[in-house]
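J.: Sequence:
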Amino acid sequence: MVLGALCILLLGYGAYIWFTLPDVSDPRSFLAAQSTVVLDRNGVELYRFFQEEDRTFVDADAIPQFLKDAIVAIEDERFYSRGCLDVRAIARAFFGFGRAGGASTITRQLARNALDLNQENLYNRKVKEIILGCQLESQNSKKELLHLYLNWIPFGRNAYGAQQASMQYFGVPVTDLTLAQSAVLAALPQRPSYLSPYGAHRHTTVSSAVEEQIIAGKITRAHDIPSEDIAIGLLGAYVGTGATVVYVGGRTDQVLQNMQDQEMITESERLAALSDLEHMLFQPAREDIRAPHFVLWIREQVEELFAGSEQDLLQRGGMTITTTLDWDLQEAAESAVALHREDIFNRSGAHNLALLALDPKTREVLAYVGNADFHDEEHGGKIDMVHVPRQPGSSFKPIVYAAAFEQGYGPGTVLFDVPTKIGDNEPQNFDGTFWGPLTVRAALGASRNIPAAKAFFLAGGEMKILQLAAALGANTPLTRRAELSQQRGSFEYGWPLALGAAETPLIEMVNAYASLGDGGVVKPVVSIQSITDKHGNILFQSDAEPVEQSVLDARIAYQLTSILRDESARPEEYWRSQLTVPGYETAAKTGTSNKCLEWNQETGACLLRKPDNAWLLGYTPNLVAGVWAGNADSSALYDRGGGLNTASPLWRDFMIRAHKRLSSPVTSFTSPSGLVQVQISTLSGQLPTECTPLSHRRTEIFLSERVPVQQDPACQMLAVDKVTGMLASEVCPAEAQEEGRFFHGQSILPDRWPTWEQGVQAWMDAQMELWNATDTHSGALIPLPKAPTEICDPSLTPGRLIAPEVHLRFPLDGGMAPYPAFVAQIEWDVGSSVREVRYELNGRRVGLESSPPFSAVIRVPRSVPQEGTHVLKVILEDEYFNQAEDEVMFRFGEDRQPPSIQLVSPEKRLFAPGETAVFHALAEDTEGGIKYVQFYLDDLLLTTKPHEPYSVTYTLPKEDGLYRLRAVAEDMAENTSSDMFLIGVGDVTIPDDRRSLPSLPQDPVLNSSDGGVVLDTQDPVILTPSDDISMQRKEVREFSFQVPRIGGDIAQLTVRVQHEQTGDISSLLTLTDGEGIYRRDWSTRLVGDHILILATEDSAGTVTEWDRRRISVR
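The sequence shown begins at 145 in the numbering used here and counts up by one.
Derived by calculation from the structure, the hints in this document are not laboratory data. Nothing false has been slipped in among the hints.
Okay, the calculated beta carbon distance ranges per label pair: (1) Glu522 with Arg841: 50 to 60 angstroms; (2) Leu751 with Gln445: 43 to 53 angstroms; (3) Gly987 with Ser1095: 37 to 47 angstroms; (4) Glu692 with Leu751: 42 to 52 angstroms; (5) Glu692 with Leu847: 16 to 26 angstroms; (6) Val181 with Cys750: 50 to 60 angstroms; (7) Leu945 with Ser712: 45 to 55 angstroms; (8) Pro816 with Gly552: 11 to 21 angstroms; (9) Thr1087 with Glu934: 49 to 59 angstroms.
In silico PhoX-like links for lysine-lysine, alpha-carbon gap of 25 angstroms or less: (10) Lys1017 with Lys866; (11) Lys1089 with Lys1052; (12) Lys1089 with Lys1178; (13) Lys930 with Lys565; (14) Lys930 with Lys866; (15) Lys739 with Lys754; (16) Lys505 with Lys804.
Quick caveat, the model's predicted, so the values are computed rather than measured. Each residue gets a CB set at the ideal place from its N, CA and C atoms; glycine is no exception.
Work the whole structure out from these sequences, hints included.
T.: Below, the structure is given as structure tokens:
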């Protein structure tokens, strides 16, 4: 019964197989295949793989024998000799359990793929392959089968069949193929995507360890290279330099070798073909494909996803692949790249660009630009730079600081940006400067290298950082370290890891930043939503809720976000604006890596370094995006090719465009619970005290369990000796002591990292030199002077033991001083020099002098009355801050003495019209000081000078004539006096006495200007006023006098004004020589009757009064 049942089952199974076999009566119908379509998330078609029109059927005679032989040699060397049942092939098919290529004879491939058996059950498919293979073998000759195969086979890049492949890759019909070209086409069917001549595996490559051994001469033959260190490419490649070069073959080499082994070609033909392969040129590939690098990446993923299925499922399966790409955002990305591409190259020398944008919550790929121009063959445009590892530069720093934060540090931790020795190296900042104490917020925001290098050690070293980077989504640095360690025995990045020395692909960096923005949660990057077959059956579905893992405390992730979004932490306006999306909180970081172009062979130091990779990575609550700019061949950029100048304009443009397309975007990040804000000192990271400068206090974010509790140790209130700057002591004079604020700078963990502390103290000493260089301390970066550590010793300043003395000589004790101003006069004696002299009137400071002659003009404050007794104190302080003082009691009296003034220049009297002249006067008031001096040309006020020098530069009139130059001085009591002389402009005659006016006619003439007359007498006389007058207080009047030649009995002539009640005298004119008419201005603030007197004195001293006028002042 069992045997019967088994027979029935076998018959039933055989019937099922037979009735489900496809019809092979018309082999040309094999070629009908259904394309696979790639869509964006909204159904926009991106690409179709291998559509029907991509094949051109050709006759068997059109296909060259070279190509037929090459295909047989590499795909099925027993094609012509075996029958339909190949025992070895069948064994591989049944016992290979689904491995591709288990029975991949040419006939079986044709049966399996052309007849669409890929969706069959594994064993059903194998049985059908055998039956159909036998049917094909029985109905067609080997020549016909090979003909069908070459018209069907996919050669990659939508080239379907030999004719289409020949045109696609070489631009020639299949009939014109050479042996070398035939070998290339024969090499492709096995893995057309992997071996694509436009892809990364065009040439065979070896591991870096093997390459080093070849260069060193340790490996001299390709056979000595371990298979695991070779990545076979389409074409072979020469590895090494100079004399140590090894040729490592590719799949085309294997094709040609098989052909020679099977006697299809001779050795000379093989060698000639190999020579042709070295110089082979491929037709530039241009396809109508949207988001080309993304589509090709999707293709690689699908091929890997269905690796257990037959290899051409993608080409012929009729699948629908729905991706996560948003074509609207993709267009925004491609438009931004196209807009900035030329400018970026002109400014930085970058030929290649890449941009990737993800949804930070789902990690779905929304925009993907693998290179600036997919069709730019010259500059590697087909290379997908989203996946190529490159050094990320400073964009790696947030991961380093995140690892340090896990060890208890935070944004408020203070690290000194100063020259620091780390091992044998001394890190440098990108701008060559050092900024001193910085919080981590400021250090990361300004991308300072020295604090980042220190953070490397605070984080716990290399493995802590690499493990966190891998956990966040950037796994390449860790795996690369393991690979290099295995190859070389040991390998470490060291502290340069903190500056971005570990090569990382853009896609991993963007995902790591997304993890920071998503609260420390890591998720895999998703690019495919679903895959269905041509019948609508779901072959693959991405998880609606992808696997996620919290790898970093959400509070620490937020701390990093708060730094990266903090515009105030960025050093300048351009930096701030370029890393910001208007209207959205934006966390962003630049990155720039550099390569050395020239080394010092003796010291090993780099002599010439230039940028080679420019990065910008950033995110809002809605979108995370990264931009890379550089050259695919790793050549250097221009000097200014950094991330800020090169990558940020493109990144910002895309982010602005993208956010305009988002629906209901979130504008700000959400702070997790468990964080507190505390004000700290940015000098130490601890709690500020009264000593801490206001400019160095800020509010910072802390984990609730890590709030600082220590008082700011960086600012100290200390009593110091002003002379020596040392700490005050009992043995140094108390007068020289003062309390001040000082900066006590100290490195973090000085005992653990003594070289860090040495760097801090050396920098502090250098800053103190700058601090002391100017009174404003403008050149120093320290906010306060460095705290002294030595104690004052008087033996260091012996001169301070000599006490100074000071005495007031005016006013005298019990005497009088003019009101409202007077000149204080002192005598002093010091053992060193005088630092300053202060004056106090009734306890109020009224004067300060710091240089001789120490005779200050004391202006009495209006609050001090004129009446009563007053106290004037003088305090003298020497250079050692020793003080001496003296004081007197005095009363105020009326200042009735006018100042003296004399015009002393110019010496020349005659000037050209329009000439510029300098007039200078000397003025003095011994009692109350000069208030101002005014210069007049005739009645025109030229200037008012309140301080010496009393001078004016003036351009004289262009009209010829005589002009009166007058200088009028007024003292603090409003007493005035003046001096005058004549100058001539142009063609005029100057009187002998420069102070005289031209003599008037001898006949008495009425002077219309002043009402006076000129008398024909030889006696001195007052011309104006011609009679007694009345005038207002402070009114200025001009008086004129006729003076005969002085001589003989007249030794001196004087003109004065005397107050009848007080006896105050104002001297207007004193002559011992001269003749003519003189004029003088006069005014007074004293009301009452005044007498204007003109008198002479002879040689015997006898005074004769010649004329007088009464002047009544109201």
